[in-house]
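Input sequences plus hints: build the corresponding full structure.
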Amino acid sequence: MRPSPGDGPVAAAPTAPPVHVMDPVERMIHLVLLAGIAVSVALMAAGLAFGLLKGGGIPRGVVPLGDLPRAARGLSPAAFLSLGMIVLIATPFVRVAGSLIAFVREGDCRYVVVTAVVLAVMCASVLLGRI
Amino acid sequence: MALIAGVFGSMLGVGGGVIMVPTLSLAFGVPIKTAIATSIVCVIATSSMAQTTFVSKGMTNIRLGMLLEVATSVGAVAGGVTAVLVDGRFLQYSFAVVLVYVAWQMNRRGGDDTPAETGVLEASYYDPAARREVRYGVRRTRLGFILSFGAGDVSGLLGVGGGAFKVPIMNLLMAVPLKATIATSNLMIGVTAATGAAVFYGRGYMDPHWAVPAALGILAGARIGPRLAMYLPARVLGVIFQVVLVGFAAMMVVQATGARL
Numbered sequence: 029m030r031p032s033p034g035d036g037p038v039a040a041a042p043t044a045p046p047v048h049v050m051d052p053v054e055r056m057i058h059l060v061l062l063a064g065i066a067v068s069v070a071l072m073a074a075g076l077a078f079g080l081l082k083g084g085g086i087p088r089g090v091v092p093l094g095d096l097p098r099a100a101r102g103l104s105p106a107a108f109l110s111l112g113m114i115v116l117i118a119t120p121f122v123r124v125a126g127s128l129i130a131f132v133r134e135g136d137c138r139y140v141v142v143t144a145v146v147l148a149v150m151c152a153s154v155l156l157g158r159i
Numbered sequence: 457m458a459l460i461a462g463v464f465g466s467m468l469g470v471g472g473g474v475i476m477v478p479t480l481s482l483a484f485g486v487p488i489k490t491a492i493a494t495s496i497v498c499v500i501a502t503s504s505m506a507q508t509t510f511v512s513k514g515m516t517n518i519r520l521g522m523l524l525e526v527a528t529s530v531g532a533v534a535g536g537v538t539a540v541l542v543d544g545r546f547l548q549y550s551f552a553v554v555l556v557y558v559a560w561q562m563n564r565r566g567g568d569d570t571p572a573e574t575g576v577l578e579a580s581y582y583d584p585a586a587r588r589e590v591r592y593g594v595r596r597t598r599l600g601f602i603l604s605f606g607a608g609d610v611s612g613l614l615g616v617g618g619g620a621f622k623v624p625i626m627n628l629l630m631a632v633p634l635k636a637t638i639a640t641s642n643l644m645i646g647v648t649a650a651t652g653a654a655v656f657y658g659r660g661y662m663d664p665h666w667a668v669p670a671a672l673g674i675l676a677g678a679r680i681g682p683r684l685a686m687y688l689p690a691r692v693l694g695v696i697f698q699v700v701l702v703g704f705a706a707m708m709v710v711q712a713t714g715a716r717l
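Going line by line, the protein sequences match chains D and E.
Take any residue in the first sequence, note its place counting from 1, add 28, and you have its number in the working numbering.
Take any residue in the second sequence, note its place counting from 1, add 456, and you have its number in the working numbering.
Errors might be hidden in some of the hints.
As the list claims (entries may be wrong) - Reference excerpt, derived from the structure (chain D facing chain E, CB under 7 Å, subset only): (1) Val53; (2) Glu54; (3) His58; (4) Leu61; (5) Leu62; (6) Pro120; (7) Phe121; (8) Val142; (9) Val146; (10) Val149; (11) Met150.
Unchecked claim - DEER-style ranges, computed between Cβ atoms: (12) Arg98(D) / Arg595(E): 54 to 64 Å; (13) Tyr687(E) / Gly102(D): 41 to 51 Å; (14) Ile129(D) / Gly660(E): 29 to 39 Å; (15) Val553(E) / Val145(D): 31 to 41 Å.
It should be emphasised that the hints constitute simulated quantities derived from the structure, not laboratory data.
Where a beta carbon is used, it is the ideal one built from N, C-alpha and C, also for glycine.
Structure, rendered in structure tokens:
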């Protein structure tokens, strides 16, 4: 294979691909994302299943936040689908918060500040209601 | 459809909103706000799912991503302000030109810069296609930061994730290898999209009828994309990305010429 210009000075090809060992920040992000996806997929699947059982297909429109607890107790398909979407949307927020915790633990002051700013701007722009 | 969007989006580090929004609104007759909301949910799904692969393989430069995210998220807020000041059509034409220029530059360069250890945000990853460890440092951090603000501004304005701008900034300007760029851009688009999605949810534009099947399809697709991105040679990825940039530019021109979707 012809080497591309991107090939650096280190060209020693290891025989077996090395297994990447995640650092604490990577482990935290990996964990948060996996959990977020698993929970949201489970909720969406439950919503779809309830929708099938009750008939009427996939509901249109989401349940407003305030009505969610009541709708979820009534096993409303729309409530489960809405919850699944909320968890999916919340996952990147939790991921940034998780990285913040990981940077604090590592004592990486610079990135504690950087990550805190990102989280603050995210929350502020949601509150402002515009992006 | 969503499955394919998931594969492509996660392979190239772009959200795929450019493809999703017109397809949903034109082919499926979904109202435009709902189409955008659905597309944003898909970007989140792409980013979250793809990162589980990219992060575990050490492809993502998390610190670089977080740093540039400061610029893009502030830029996205500023996008709302810019929208009042500048004519949107003018912006769409300008950025179509920029995208074509960037695609041409990437094509001319024909590959990554020779990675060099610059001492700034250094990282390394294993490239399974080249079968070697790639070490690199970041160059021109300050300029990249400023331009990322611009990328965030545009994504706030035009309602696209901005991956198409983030990838060239990191790859061409900051000399980050393409694969690390794709992984890092993918991490960043999730943040912008989540913010947008929260707003759309609050305003009631989310429709599970479209968003849930699309998200599930994307989640499946985004398991495949990152693997393709890692195992394809960087050169091939570059060419695919250039084609997407030109297509993206064409879309912007079409929108600007009045075909209001």
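How the hints compare with the structure:
| no. | hint | in the structure |
| --- | --- | --- |
| 1 | Val53 | holds (6 Å) |
| 2 | Glu54 | holds (5 Å) |
| 3 | His58 | holds (5 Å) |
| 4 | Leu61 | holds (5 Å) |
| 5 | Leu62 | holds (6 Å) |
| 6 | Pro120 | holds (4 Å) |
| 7 | Phe121 | holds (6 Å) |
| 8 | Val142 | holds (5 Å) |
| 9 | Val146 | holds (5 Å) |
| 10 | Val149 | holds (4 Å) |
| 11 | Met150 | holds (5 Å) |
| 12 | Arg98(D) / Arg595(E): 54 to 64 Å | holds (55 Å) |
| 13 | Tyr687(E) / Gly102(D): 41 to 51 Å | holds (47 Å) |
| 14 | Ile129(D) / Gly660(E): 29 to 39 Å | holds (33 Å) |
| 15 | Val553(E) / Val145(D): 31 to 41 Å | holds (32 Å) |
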